[in-house]
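Modelling step: build the complete structure from the supplied sequences, incorporating the hints.
Chains as they are written, first to last, in the numbering used here: chain X, 1 to 191; chain A, 1 to 385.
These are calculated hints, taken from the structure and not from any lab test. Some hints here could point you the wrong way.
Said to hold, decoys possible - Restricting the straight-line Cα-Cα distance to at most 25 Å, the calculated cross-link-like pairs of lysine to aspartate or glutamate (DMTMM-like) are:
hint, chain 1, residue 1, chain 2, residue 2
1, X, Lys-105, A, Glu-100
2, A, Lys-66, X, Glu-156
3, A, Lys-66, X, Glu-166
4, A, Lys-292, A, Asp-112
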Amino acid sequence: MSHTVNHESILGKFPGTNWDQEAGALIVPTVQAKEIATWLRDNDAFLLDYCSNVTGVDYLECEVKEKVTKEDGTVETVTRTEPSRMDVVYHLYSMQKQTGPLVFKQRTNREQPEVESLTPVWRSCELQEREVFDLFGVNFKSHPDQRRILMWDEFEGHPMRKDYTEPFDYEWEPTPHDEILEKHQRGKVIV
Amino acid sequence: MSSATAIAPNYELIQQDGLETSLLEVSMGPHHPSTHGVFRMDVKLDGETVVDLQPVFGYLHRNHEKLAENMSYLGSMPFTDRLDYFNSMTNNWAYALAAEKLVEIEVPERADYLRVIMAELTRLVNHVSLVGFFINDLGALGTPLLYAFREREKILDLFEQASGARMMCNYFRFGGLRNDVPEGWLDRARDVVDHFPVFLDEYEQLLCENEIILSRTQGVGCLSRDLAISAGITGPMLRASGVNYDIRKVDKYSIYDRFQFRVPYTDGNVGDCYDRFMVRMLEMRESIRILKQALDGIGDGPVLGNAPKVFKPKPAEVYGRVEAPKGELGFYLIADGTPKPYRYRVRPPSLINLTVLRDMCLGQKVADAVIILGSIDIVLGEVDR
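Structure representation (structure tokens):
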């Protein structure tokens, strides 16, 4: 398998970054993202010249159950609320050193998501960031050509979001039943 | 990298005899035979010269990723066939590889050998038909394509005997393969593989030094090494621009470290359509080498490991990638402990290889833009997903 990239020196060089052990990913503050990406591409220790995959991940607000061990040794299950967020994930490889992947994440809120575009660093982000903008609604600052790519321009909403619901504006089958009948009775479908 | 209205930098319209000239805007596609599906290029022309080009996607978009996030892990295996419908076996493999990283499943050795055999047969199918379509785009209507399809049919027969379907094979499972190949299949496969070089000799003799092909493809659609790396180009197109990068060699996934094969690549000085065509021709020879070794080395045994009946991985994220015939095909999966993937992402080589279409076409003739698109090797099922 490919050789993994040593991430310790990145954390030392840029104090704002975090390492997510569970996901095996480098979490980068969006203001620093372009600087760190350029450094990773040009630094001789990394030479991550190839950005393979760019995608978004939408996390809704959810409740997580965690087991906490108290001081007296008893284990208690605690419920806490995980806030919603939006991740933009980049998978970086080095073609020169044949190493990788390094998972690079920009984290933002999901109400008005805005991250730094890395297209000036790697051209391969151009179409993929357009796709993330189209399907997730993430705004990429300083992207050279940010338009919808897969959906048509007049389309409203962002279909890959977890809370996206399809519009009731197309023709259903002539005899509605089950789920469609229910929608029909709510008055949202014209049959 | 410009807005839709800008024209190429440093380009001037020449006024002749005081006449005003203007650009001609042509919408090529979506139903153009050379776009290999429903793909559109908005080109601006000065006479015959391409001044600007914008690719338009999405005619075949069906939100494959959203569909997969609403069904079980195994449920989307048949849908991966429909991504790049020429190469369903490698699509299956990339997805199986990513899912096998989520849970520790041991793949039996016979299954690994059969996977390699299927993947390399797929590469032959893809490259041989791509070359046929490419020559078709050049204007040699029919003949080379039909020769290619005659050979492709023999391999598709093998796929049908093994999996029951010619193109939508749905043959791979997490931890192995759906079923073993029928009796006598390996002998028939050996027969096809042994006769393939005869056809390749004939094909190369017909095409590689053909004067028309040389004059139409050499120096057309050049792609520099640096741009190819930066733009994330993968597969034969990258190697034609002079980068020695093959995921079969880099990752050594499955059992590729057991086989002797070379990776054809150029010195990177030109990177034109002819290089891309020749790299594919040479790659077929190497695939045959791998196939011969695999068919000799395959042993008996089960083809499906101890995969769990209900696939329910623990929370984790993985990225699995294989060297598909068109480039790096990757699957990014996030599991959240339920039987459905929380996030399912396909990294499509066809779409990302199109990033440089505009750069390669600027300044070329409009007839050459068709060839350049043909030499990229796209399948719209994968571009639009």
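Please list, smallest to largest, the hint numbers that this structure does not respect. Failing hints: none at all.
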